[in-house]
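> Whole structure, please, built from the sequences with the hints as guidance.
Chain by chain, the residues:
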Amino acid sequence: GQSLEQPSEVTAVEGAIVQINCTYQTSGFYGLSWYQQHDGGAPTFLSYNALDGLEETGRFSSFLSRSDSYGYLLLQELQMKDSASYFCAVTSGNTPLVFGKGTRLSVIA
Amino acid sequence: DTAVSQTPKYLVTQMGNDKSIKCEQNLGHDTMYWYKQDSKKFLKIMFSYNNKELIINETVPNRFSPKSPDKAHLNLHINSLELGDSAVYFCASSQESGFQETQYFGPGTRLLVL
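Read top to bottom, the protein sequences are chains A and B. For the first sequence, our numbering begins at 38 and goes up steadily by one. For the second sequence, our numbering begins at 417 and goes up steadily by one.
Don't read these hints as lab results, they were simulated from the structure. Incorrect hints may appear among the rest.
To be verified - The calculated lysine to any residue pairs, modelled on SDA-like cross-linking and capped at a C-alpha distance of 20 Å, are:
| # | chain 1 | residue 1 | chain 2 | residue 2 |
| --- | --- | --- | --- | --- |
| 1 | A | 138 | A | 100 |
| 2 | A | 138 | B | 504 |
| 3 | B | 457 | A | 135 |
| 4 | B | 425 | B | 483 |
| 5 | B | 452 | A | 81 |
| 6 | B | 438 | A | 77 |
| 7 | A | 138 | B | 452 |
| 8 | B | 456 | A | 81 |
| 9 | B | 483 | B | 473 |
| 10 | B | 435 | B | 503 |
| 11 | B | 456 | A | 76 |
| 12 | B | 457 | A | 40 |
| 13 | B | 438 | B | 481 |
| 14 | B | 452 | A | 78 |
| 15 | B | 460 | A | 38 |
| 16 | B | 460 | A | 44 |
| 17 | A | 138 | B | 457 |
| 18 | A | 138 | B | 475 |
All values derive from a computational prediction rather than experimental measurement.
So this is what it looks like as structure tokens:
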């Protein structure tokens, strides 16, 4: 089976940088995705890593190390609107996305 | 235009009733999904359809039956509703059946069973 571990909660100050880690166990790993979900909203896609390294999209970056079965989402210049839940999810071959339990990020002034 | 839409947005019903949730996507995607998100926000896939064909059916009670009249629609019918069915149900779609594809989620249907 597949399993993912990510912190349940993270708090950070507006303007700061925060890193949300995700470790996974799966066979036939294909890629690691990140989704954002605001309270009462739907999950929305943020990033996808299939290869080792850092992918940058604006204030958000995502990193993957396949050898360590580890990835992280980096959010820079935090804004209050970044307060949300962040889910890592793995794809393995043709199996559907398996989501982690989510990390609730609270951005404080 | 809404990419993935679901109706209804809220559904409150009594135990034992039968209800349906509808989903439509206008993205031209081939694959559609149903997810259940429980009160702890755990998001779990229930079903996946590719071009109207069922390709994934996770461990879900057979009271749940998906129906795909065409590749733009995937409806979910639930028989004999139970208290534990209370959750948010999300429909999603992706371009192809390769699950590494980005998934686009609908706004969710909040189901409360009393």
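> Now tell me, hint by hint, if it's right for this structure.
Each hint tested on the structure:
| no. | hint | result |
| --- | --- | --- |
| 1 | A/138 x A/100 | holds, 19 Å |
| 2 | A/138 x B/504 | holds, 15 Å |
| 3 | B/457 x A/135 | holds, 13 Å |
| 4 | B/425 x B/483 | holds, 19 Å |
| 5 | B/452 x A/81 | holds, 15 Å |
| 6 | B/438 x A/77 | holds, 19 Å |
| 7 | A/138 x B/452 | holds, 13 Å |
| 8 | B/456 x A/81 | holds, 18 Å |
| 9 | B/483 x B/473 | holds, 12 Å |
| 10 | B/435 x B/503 | holds, 14 Å |
| 11 | B/456 x A/76 | holds, 12 Å |
| 12 | B/457 x A/40 | holds, 16 Å |
| 13 | B/438 x B/481 | holds, 12 Å |
| 14 | B/452 x A/78 | holds, 14 Å |
| 15 | B/460 x A/38 | holds, 14 Å |
| 16 | B/460 x A/44 | holds, 18 Å |
| 17 | A/138 x B/457 | holds, 7 Å |
| 18 | A/138 x B/475 | holds, 18 Å |
Checked against the numbered hints listed earlier, the structure breaks none of them; every hint is satisfied.
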